[in-house]
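Given next are the chains, with one letter for each unit.
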Amino acid sequence: MSDKQSSNAYWQANIRIIWICLVIWALVSYGFGILFRPMVSGIKVGGSDLGFWFAQQGSILVFIVLIFTYAKLMNRLDRDHGVEE
Amino acid sequence: MDQFTLNLIFIGLSFALYFGIAIWARAGSTAEFYAANRGVHPVMNGMATAADWMSAASFISMAGLIAFTGYDNSTYLMGWTGGYVLLAMLLAPYLRKFGKFTVPEFIGDRFYSQTARIIGVICLLIISITYVIGQMEGVGITFARYLEVSKESGLWIGAAIVFVYAVLGGMKGVTYTQVAQYVVLIIAYTIPAIFISLALTGNFLPQMGLFGSHDASGMEFLTKLDQVVTDLGFKQYTAHNGSTLNMVMFTLALMIGTAGLPHVIIRFFTVPKVSDARSSAGWALVFIALLYTVAPAVGSMARMNLSTTMWPGADTGETYSQPAVSLEAIETSPELNWMRTWAKTGLLSWEDKNGDGLIQYYNDTATEGPAAEMAAAQGLQGNELTQVSNDIMVLANPEIANLPGWVIAIVAAGGLAAALSTAAGLLLAISGAVSHDLIKGALNPNISEKSELMAARISMAVSILVATLLGLNPPGFAAQTVALAFGLAASSIFPVLMMGIFSKRINKQGAIWGMIAGIASTLLYIFTYKGWFFIAGTNMLEDTAANWLFGIAPASFGVVGAGLNFLVAYLVSNVTEEPPVVVQELVESIRVPKGAGAATHH
Numbered sequence: 001m002s003d004k005q006s007s008n009a010y011w012q013a014n015i016r017i018i019w020i021c022l023v024i025w026a027l028v029s030y031g032f033g034i035l036f037r038p039m040v041s042g043i044k045v046g047g048s049d050l051g052f053w054f055a056q057q058g059s060i061l062v063f064i065v066l067i068f069t070y071a072k073l074m075n076r077l078d079r080d081h082g083v084e085e
Numbered sequence: 001m002d003q004f005t006l007n008l009i010f011i012g013l014s015f016a017l018y019f020g021i022a023i024w025a026r027a028g029s030t031a032e033f034y035a036a037n038r039g040v041h042p043v044m045n046g047m048a049t050a051a052d053w054m055s056a057a058s059f060i061s062m063a064g065l066i067a068f069t070g071y072d073n074s075t076y077l078m079g080w081t082g083g084y085v086l087l088a089m090l091l092a093p094y095l096r097k098f099g100k101f102t103v104p105e106f107i108g109d110r111f112y113s114q115t116a117r118i119i120g121v122i123c124l125l126i127i128s129i130t131y132v133i134g135q136m137e138g139v140g141i142t143f144a145r146y147l148e149v150s151k152e153s154g155l156w157i158g159a160a161i162v163f164v165y166a167v168l169g170g171m172k173g174v175t176y177t178q179v180a181q182y183v184v185l186i187i188a189y190t191i192p193a194i195f196i197s198l199a200l201t202g203n204f205l206p207q208m209g210l211f212g213s214h215d216a217s218g219m220e221f222l223t224k225l226d227q228v229v230t231d232l233g234f235k236q237y238t239a240h241n242g243s244t245l246n247m248v249m250f251t252l253a254l255m256i257g258t259a260g261l262p263h264v265i266i267r268f269f270t271v272p273k274v275s276d277a278r279s280s281a282g283w284a285l286v287f288i289a290l291l292y293t294v295a296p297a298v299g300s301m302a303r304m305n306l307s308t309t310m311w312p313g314a315d316t317g318e319t320y321s322q323p324a325v326s327l328e329a330i331e332t333s334p335e336l337n338w339m340r341t342w343a344k345t346g347l348l349s350w351e352d353k354n355g356d357g358l359i360q361y362y363n364d365t366a367t368e369g370p371a372a373e374m375a376a377a378q379g380l381q382g383n384e385l386t387q388v389s390n391d392i393m394v395l396a397n398p399e400i401a402n403l404p405g406w407v408i409a410i411v412a413a414g415g416l417a418a419a420l421s422t423a424a425g426l427l428l429a430i431s432g433a434v435s436h437d438l439i440k441g442a443l444n445p446n447i448s449e450k451s452e453l454m455a456a457r458i459s460m461a462v463s464i465l466v467a468t469l470l471g472l473n474p475p476g477f478a479a480q481t482v483a484l485a486f487g488l489a490a491s492s493i494f495p496v497l498m499m500g501i502f503s504k505r506i507n508k509q510g511a512i513w514g515m516i517a518g519i520a521s522t523l524l525y526i527f528t529y530k531g532w533f534f535i536a537g538t539n540m541l542e543d544t545a546a547n548w549l550f551g552i553a554p555a556s557f558g559v560v561g562a563g564l565n566f567l568v569a570y571l572v573s574n575v576t577e578e579p580p581v582v583v584q585e586l587v588e589s590i591r592v593p594k595g596a597g598a599a600t601h602h
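So the protein sequences, as listed, match chains A and B. For the first sequence, position 67 matches number 67 in UniProt numbering, and the numbering has no gaps at all. For the second sequence, position 444 matches number 444 in UniProt numbering, and the numbering has no gaps at all.
Please note that the accuracy of each hint is not assured.
Restraint ranges, calculated between C-beta atoms of paired labels, are given here [claimed, not checked]:
1) A:L22 to B:L245: 36 to 44 Å
2) A:T69 to B:A442: 19 to 27 Å
3) B:E368 to A:I15: 52 to 60 Å
4) A:T69 to B:T544: 37 to 45 Å
5) B:I458 to A:L35: 46 to 54 Å
6) B:A546 to A:N8: 49 to 57 Å
7) A:I15 to B:T365: 26 to 34 Å
Simulated from the structure, these hints should not be mistaken for laboratory data. Quick reminder that beta carbons are idealized off the backbone N, C-alpha and C, glycines included.
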């Protein structure tokens, strides 16, 4: 998504963190929750399987962790680059 | 004390609380009216966002949608929460840094174009007005059920209440009212769920109970549920039965749509700092998750309760080990009083088709398997539980579980809190767009702050009136409008905001044509299958999977619209001139938290 002109290190680091977070975001919902469910159906979680758990509960919990992790990483990045408020 | 008095007391108390807050938090300036003076603590803002976001659809309908479809409707759970990840990383912090009051204002400044701003206003109005009609209808129905007034009177009462606290308090009043409404609605949602989870699984936490064991049979709860529903001829609860493509597309449409809803985005303008906007999205999701992780438990347990009520033998042994519930029990038994109460609303009905004195609930379209064999053996002439509305699953829950009257009253107050808080948030977004973007931005830029505040209040009052009138005479599309609102938000607002932040090359021509391509394609696709402006009979193609383009359902098409928006904006921008330097500096400045002015970080 970024442009060539936007070469400052702070923005590049932000984009990198966003990409990593979005890969995990997609993996737990579209991945384990839907597309890879048949592959991990051997792992039982209380009366159903791992994919069902991710679709109905796990993905939401991971989303929460993702946002707070992002907020924390960005606060550190802001300070490292001297752009905090 | 009878149930009606209890309902009146609880609903009355909750309204007294909202009014008290509205008077205490009156808005005195436009900064307070549009953005609560940017003084809202991120945790408080998270709570307000949760109430703003969770509408009558989340509170009343979602658990029922999951209950009757099972795994395939996990799309709502993932879709309506995953959008907050996108908000926290792709939109909220940068828009907070931009530091203005409305979404169209950002579009207008970033794309240096009054036309882009006006198109933004049009998108916002279409999205928010269609959404608010559904909320007003929800308010009317809830009042009608619990206060025993007509739906019309219920609607007017609801409109009057929103009028008082939203017009008076603006964003500041609404924010603190929403905090109170969140507390009311989450208590109302979880108390019955905890009791039901304890009764069925022995687990205090519904989230654990869902994956725990079923006490009466000793089996795992979900295994038992799968067995009961398949015995009755329905599809397996935990299995994936529908189209995988649509499941992915619909989830994505809900996620992108969530991140693009203007009334949710403006909530992040109220926090003091950029870093608060990031963490506030996390807090919002924590408070939303409290309901969203309970909802699948409520849905599955309500489905189990319904099935074992209709087939008493299913609870401890084989599904058909005892005869079905008798007509006499339904009409006289005190435990089944809820069936009689809800039959009055028309949301539940039964009919002893073969006259055997029993009411057999099963899937009469199944041609083989235990249900078909049972139906043949008992000489049935079709499913005898003729109507079970999705919405009953949450509203009747406390009655099904035989909980005391005050729990029923608090669920009524919770349902109203969910609908009213969302309606107020939507009305704020609408009035901001009209008074700030249309009146101050386009028609009369020299308007004084005092007059603008008055204009904001008048436009909100007019919006309430329009929403109420449309709620009284819904144009026949109330249930479908939510899909339209999400599709439009996904295909118009989200892409243009994201490109405005993450690309310096997208210019005004790109943004304008991108928005038009996104909205027009999505509207066209929805109208093709649902009828022009949802008027029945005007659809050009029948709304079935075989007719859909590449098998994409109309509700999922927002994703394709968003893709077109990105593509058109990119292509058009690349053949036209670069945005001016001052706009490129604006983009640089919103990307870093430091400083309030433009380009001060170098």
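Here is what the structure says about each hint:
In this structure the supplied range 36 to 44 Å is violated for L22 (chain A) paired with L245 (chain B), their Cβ-Cβ distance being about 21 Å. At about 42 Å, the CB distance of T69 (chain A) to A442 (chain B) disagrees with the hint of 19 to 27 Å. Between E368 (chain B) and I15 (chain A) the C-beta distance comes to about 55 Å, which sits within the given range of 52 to 60 Å. As the Cβ distance of T69 (chain A) to T544 (chain B) is approximately 43 Å, the hint placing it in 37 to 45 Å holds.
Taking the beta carbon of each, I458 (chain B) and L35 (chain A) are about 51 Å apart, inside 46 to 54 Å as hinted. A C-beta distance of roughly 52 Å is found between A546 (chain B) and N8 (chain A), which places it inside the suggested range of 49 to 57 Å. For I15 (chain A) and T365 (chain B), the hinted distance range of 26 to 34 Å is not satisfied, since their beta carbons lie about 51 Å from each other.
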